[in-house]
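Asker: The lines below spell out each chain.
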Amino acid sequence: MKIALGAARWVVLPPMIVLSIAPIFWMAVAAFKPGGLPLAVGNPWWTDRPTLDNFAELFQDPQFGHWVFNTALVAGGTLLIGLLASLLAGYALAYLDVPYSRSIVLVFFATYLLPQAVLFIPLLRVLARLHLLNSPAALVLTYPSMVIPFGTWVVWSFLRRLPPDLVDSARADGAGVYATIVDILLPVLWPALATVGLFAVAIVFNDYLYTSTFIQESSSQTIMGALGALITADIDNPGRSFAAAMLATTPLALLCAFFADAFARGLSTGIIEQ
Amino acid sequence: MLAPAAILCLGTITYAIVLEAWFSLSNAGPGTDGVFVGLANFQYLAGLSNFWQMLANTGIYSGASTVVKLALGLAMALSLARPFPGRRIVYAALFLPFIFPVVLGTIAWFFLLSNINGGLNWILQNAHLVAQPVEWKGRLPMVSVATVNVWHGTALFGVLLLAGLRSISTDLLDAAAVDGAGRLKQFLHIIVPYLKPAALLGVVLSVLGNFGDFAIVELLTRGGPLGRSQIVSTYAFENALVSGYIGVGAAIALVMVPVYVVALVVAYRLLGRE
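For the record, the sequence lines run as chains A and B. Position 16 of the first sequence, counted from 1, bears residue number 15 in numbering that gives the first Met the number 0, the numbering being contiguous throughout. Position 75 of the second sequence, counted from 1, bears residue number 74 in numbering that gives the first Met the number 0, the numbering being contiguous throughout.
Rather than coming from a laboratory, the hints here were simulated on the basis of the structure. Please note: incorrect hints may appear among the correct ones.
Said to hold, decoys possible - Quick partial rundown of chain B residues pointing at chain A, CB under 7 Å, derived from the structure: (1) L1; (2) P29; (3) I115.
What the hints assert, rightly or not - For the chain B half of the interface with chain A, some residues (derived, Cβ under 7 Å), not all of them: (4) L95; (5) W108; (6) A214.
Predicted model only: the values in this text are computed from it and were never measured. Don't be surprised by glycine CBs; every beta carbon is placed ideally from N, CA and C.
Assemble the whole structure, with the sequences as input and the hints as a guide.
Answerer: Here it is in structure tokens:
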């Protein structure tokens with residue numbers, strides 16, 4: 000078994016690695032190509048004259064600053080609301096005598112599976128009525144609805160596997176809900192919260208439907224919405240977009256490098272090892 | 000304590016679904032909630048060949064991508080199951096497409112598949128496999144969008160299946176080997192049954208996720224050429240937001256609900272067996 004897997008591994012892995020990395024590698028190369036030079040000539044996979052022109056141009060563009068700011072705002076708001084609501088709901092379902100708590104958990108799980116494409120048309124109308132279109136608030140209000148089901152689920156299943164004495168003894172000592180959560184639970188709960196946080200950031204960086212539907216003005220757009228719109232609008236100078244893409248991915252890549260294993264573990268413990 | 004989560008998530012979703020159901024039975028347009036028209040929107044759609052092609056496209060896109068992702072994810076999980084030098088780096092490389100924002104990944108593929116000095120054509124032409132550049136997104140639109148989907152989503156299957164593999168004890172496999180079970184027998188009778196829950200969960204997540212996919216198709220082909228790669232969300236988007244037929248768009252989006260319900264039942268059965 001061991002030997003067979005060992006041999007097969009070196010047949011399977013190299014092509015998978017190459018295919019996984021190739022598009023990202025291509026984009027990284029394109030980001031360093033001279034800005035004026037169209038992509039239509041030369042080796043698309045390499046450049047002999049790497050330059051930082053695209054990055055320099057990008058930093059002079061006030062729009063890019065707006066996109067970064069909006070993305071940070073949306074990510075921060077989604078994280079804060081998503082984490083807080085998930086933590087409270089998970090706590091209530093695990094420790095308080097909520098009637099039908101098992102059914103409520105199942106309902107949360109059901110909404111986790113609901114495709115967001117089902118909802119974007121009515122949500123657009125609701126946000127228009129609230130005069131929230133073209134504002135990052137539209138996303139800060141809607142993204143948590145995608146984070147909370149998963150977040151509540153992860154927090155709840157994590158809490159359920161903790162020894163019950165932990166919270167019971169704190170409450171017996173007269174600790175309130177706030178003290179119980181902050182002093183007793185947060186120190187042990189942080190891997191679950193890191194998983195939920197990463198999930199929230201992933202939603203902000205992966206959504207295109209809501210951001211392109213709810214936000215039309217470029218200066219109110221998130222990075223992903225703006226870059227998607229630039230490509231579909233047939234831009235004259237894509238080099239800058241690739242530079243922006245590389246910059247936008249860096250924080251995610253760093254997060255992943257530190258948390259990938261924890262995230263994968265949280266994801267699978269949250270769902271499989273129930 | 001449940002209130003924030005319940006309002007932000009369940010409240011928003013319930014309200015949106017009710018509004019969507021109303022829209023689908025009305026002639027709502029931009030800025031108007033319309034009047035009741037019965038099933039006229041559904042009748043209109045049922046008479047369109049476009050609509051049926053879109054449904055077939057969505058099923059093929061979702062189904063074919065899921066099958067390929069399951070196969071590749073299994074290969075990934077089996078290759079990474081045992082420790083070997085460089086395993087962490089290989090894992091990170093294979094995980095990268097999953098955390099790379101889908102908008103950016105699709106933009107990279109957009110240029111790779113392009114007929115204007117695209118990365119794929121460059122390789123094929125240098126290998127003398129094609130004489131003239133091929134416009135892949137126009138020639139094979141469904142294969143193109145499914146390819147990006149597989150590229151992005153394989154790692155999720157890999158992670159889920161890897162977690163499933165880790166739950167199989169080495170003793171069990173060793174005992175089977177001592178009893179004279181061949182590699183194929185070990186695989187079929189021990190590994191496959193253990194992996195079934197993880198695989199089914201991956202399939203449910205993938206089928207539902209792909210049914211609601213938007214970014215990949217919208218950015219790569221816009222459902223074109225001539226609707227040949229149109230799927231539910233892009234079709235609903237086009238009808239509701241580009242053409243302004245909100246009622247028709249809502250009716251299209253509701254088509255996802257039956258698939259969602261079936262997937263839910265499967266998921267509950269799965270988790271109910273805990």
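Asker: Does each hint fit the structure? Answer for all of them.
Answerer: To see whether the hints hold, each was checked on the structure:
Contact between B:L1 and chain A, as hinted, is supported at the beta carbon level, the nearest pair being about 5 Å apart and thus within 7 Å. Interface hint status for B:P29: violated, as the beta-carbon distance to the closest one in chain A is roughly 9 Å, over 7 Å. A cut of 7 Å between beta carbons decides the hint on B:I115: the least distance to chain A is about 5 Å, and the hint holds. For B:L95, the interface hint holds, the least distance from its beta-carbon to any beta-carbon of chain A being 6 Å, beneath 7 Å.
At a threshold of 7 Å, the smallest CB-CB gap from B:W108 to chain A is about 6 Å, leaving the interface hint in force. With a cut of 7 Å, the hint placing B:A214 at the interface with chain A holds, because the nearest CB-to-CB distance is about 4 Å.
When held up to the earlier numbered hints, the structure conflicts with hint 2 and nothing else.
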